[in-house]
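A.B. asks: Residue numbers (my numbering), protein chains in the order written: chain Y, 1 to 385; chain C, 1001 to 1136.
It should be emphasised that the hints constitute simulated quantities derived from the structure, not laboratory data.
Because the structure is a prediction, the values reported are computed rather than measured.
Do not rely on the hints blindly, as some may be mistaken.
Restricting the straight-line Cα-Cα distance to at most 16 Å, the calculated cross-link-like pairs of lysine to aspartate or glutamate (EDC-like) are [unchecked claim]:
(1) Y/K40 - Y/D65
(2) C/K1077 - Y/D192
(3) C/K1106 - Y/E89
(4) Y/K64 - Y/D18
Some chain C residues near chain Y, calculated using beta-carbon distances under 10 Å [said to hold, decoys possible]:
(5) K1003
(6) P1006
(7) Y1028
(8) A1032
(9) P1044
We put the beta carbon where it would ideally sit given N, CA and C, even for glycine.
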Amino acid sequence: MNRDVYVIGVGMHRFSKDHIPKRDLYFTAGMDALGDAGIKFRDVGALYNGYIGGGMTEGIGFAKDLGLTGVPVTHVENASATGSSAFREAVWAVSGGQTDVAMAIGYDDMRLMGNPMSQPPKGKKRLPSMENIMLPAGFFAMWAQRRMHENGTTVETFAKIAAKNWNHARHNPMAQRRADHEVTVEEVLAADMVAYPHTAMMACASGAGAASAIVATEAWAKKHANGRPMIKVLASQSQSEHYGDGHIFMGAVVGPAYSTELTGQLAYKEAGLGPKDIDFVHVHDAFPIEELMYYELLGFCGAGEGDRMVADGETTFGGRIPFSPDGGLIARGHPGGPTGLAQVWDATRQLRGQQDKFQVEGARTGLVHMMGAGSICIVHILQRV
Amino acid sequence: MAKMVPLEEGYMVIPENPELPCRLIGSYSKAANKTYFPIRKLCPVTSEPVETVELSPIGELYSWSFIMMPKMGSREKVAGYGVGQVDLPEGVRIQAPIDGKMGDWKIGMKMRLVPNVVVTDSEDGTQYCGFKFTPV
């Protein structure tokens, strides 16, 4: 990066299964981040809106509620990685010198998104597209099935990961799924089957929500630290696909495993760190097979050793490397546009030591990973300085 | 017999003679000696031109699942349906629905490509098809 960049403010609207007006989601998350940073909207020099659903210029319309300041506003969309992409654009706007303060706001209601029927030419029939024949639940399940075939991974391992993330979310006030009891592996396994071997309690929570982050130069970060530690962006990396054996081009996909491996390696290199230096991790855990694979692909254990990490409790609080401390996509939720920014919200607050009952003790460095439709991978590394 | 046509042009060939196999249409890159599906504008590895080729109708099941959620674009409840990834001899992996029920599938088994009727025209009976695989 050309200039050092710091996260100076984060905000959220709780993720929820209720339909909440998107305009309200947006405003709440935006104002929360501005308040957290201790700045006014007029201080923001670039705004990146991340949403998947919604019509033309919807986000810029919502931004008017924050103020008419003339700030450049850009819509960013990269499927699940939309919020992460908006954050990355904000980081680069500051790093590249476009502005000293940039903001990213992500919002969505996953259940209001349109279906993939192709739009036919005039006079032609409206037919489904060839390109969108399969739900994400299908291809993540097939990844899990192949893992079971090749490594002997059990359904119980997937259930343990899901139960862990449900329990991580119990004390997160922004989480969509907040169980009133300790969620058990048996409960997860007994839930309705969604796509074998994944049950409904292993599937990410689909709902509505918003999240926001404000990044700035060191001078702004110092001025607005307000007694809190400063949170530096050590790495911001993104990769689209490279060709690999068995490459699937059609529709949204799981994506090549090496996307995460490569993007992670680039981020470690940029930060000058390795997996041993990371204190907690956020990943695109839409289903537990993903989290399991990312233990290995991000270098926290060797190939095929993820199951042992689960069995030994290494990825929960008190373990070697907690994953998804806020509940992850499985329990905190996954509305779409804001998901990557919710990760930044938690990562920033973890590094400041603000997460109370779901705090990773002594956290100094966090890694935040997101996939978008399997075709884009984004990794950020944040550190308390 | 009702006429079967692909949902979209450029993805598959459905012969009028039902005895002949349905085939997917892909791209072959001589420069990379690789085949891709669906067709590519250029070779994604070398950026060299590609030629359009028809792919083998039979492949090997790489992975599968049984889904209990509504199909893409629908909110209708379903009784469940299979999906699979099938490796064709050209080195191409295809994601598609698969025929059968839980217990019918085993990784490595042979699968054949067949038309998958998605919409039937209520006026002329034309069947608009995607594709799926069925165990051989």
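A.B. asks: For Y/K40 and Y/D65, compute the direct alpha-carbon distance and say whether it is at most 16 Å.
C.D. replies: holds (13 Å)
A.B. asks: Next pair to validate is C/K1077 with Y/D192; report whether the Cα-Cα distance is within 16 Å.
C.D. replies: holds (13 Å)
A.B. asks: Is the shortest C-beta separation between C/A1032 and chain Y less than 10 Å?
C.D. replies: This interface hint holds because 8 Å falls under the 10 Å limit.
A.B. asks: With chain Y as the partner, please determine if C/P1006 meets the hint condition of a C-beta pair closer than 10 Å.
C.D. replies: holds (7 Å)
A.B. asks: Using the nearest Cβ pair, does C/Y1028 come within less than 10 Å of chain Y?
C.D. replies: With a minimum Cβ separation of about 14 Å from chain Y (threshold 10 Å), the hint on C/Y1028 is violated.
A.B. asks: Would you settle whether the hint for C/K1003 is holds or violated, based on the nearest Cβ-Cβ distance to chain Y being less than 10 Å?
C.D. replies: violated (14 Å)
A.B. asks: Check whether the Cα positions of Y/K64 and Y/D18 lie no farther apart than 16 Å.
C.D. replies: violated (24 Å)
A.B. asks: CA of C/K1106 to CA of Y/E89, is that 16 Å or under?
C.D. replies: With a Cα-Cα distance of about 45 Å, the restraint between C/K1106 and Y/E89 is violated, given a limit of 16 Å.
A.B. asks: Hint check: is the beta carbon of C/P1044 less than 10 Å from a beta carbon of chain Y?
C.D. replies: With a minimum Cβ separation of about 5 Å from chain Y (threshold 10 Å), the hint on C/P1044 holds.
In summary, the structure is inconsistent with hints 3, 4, 5 and 7 from the numbered list given earlier, while agreeing with the others.
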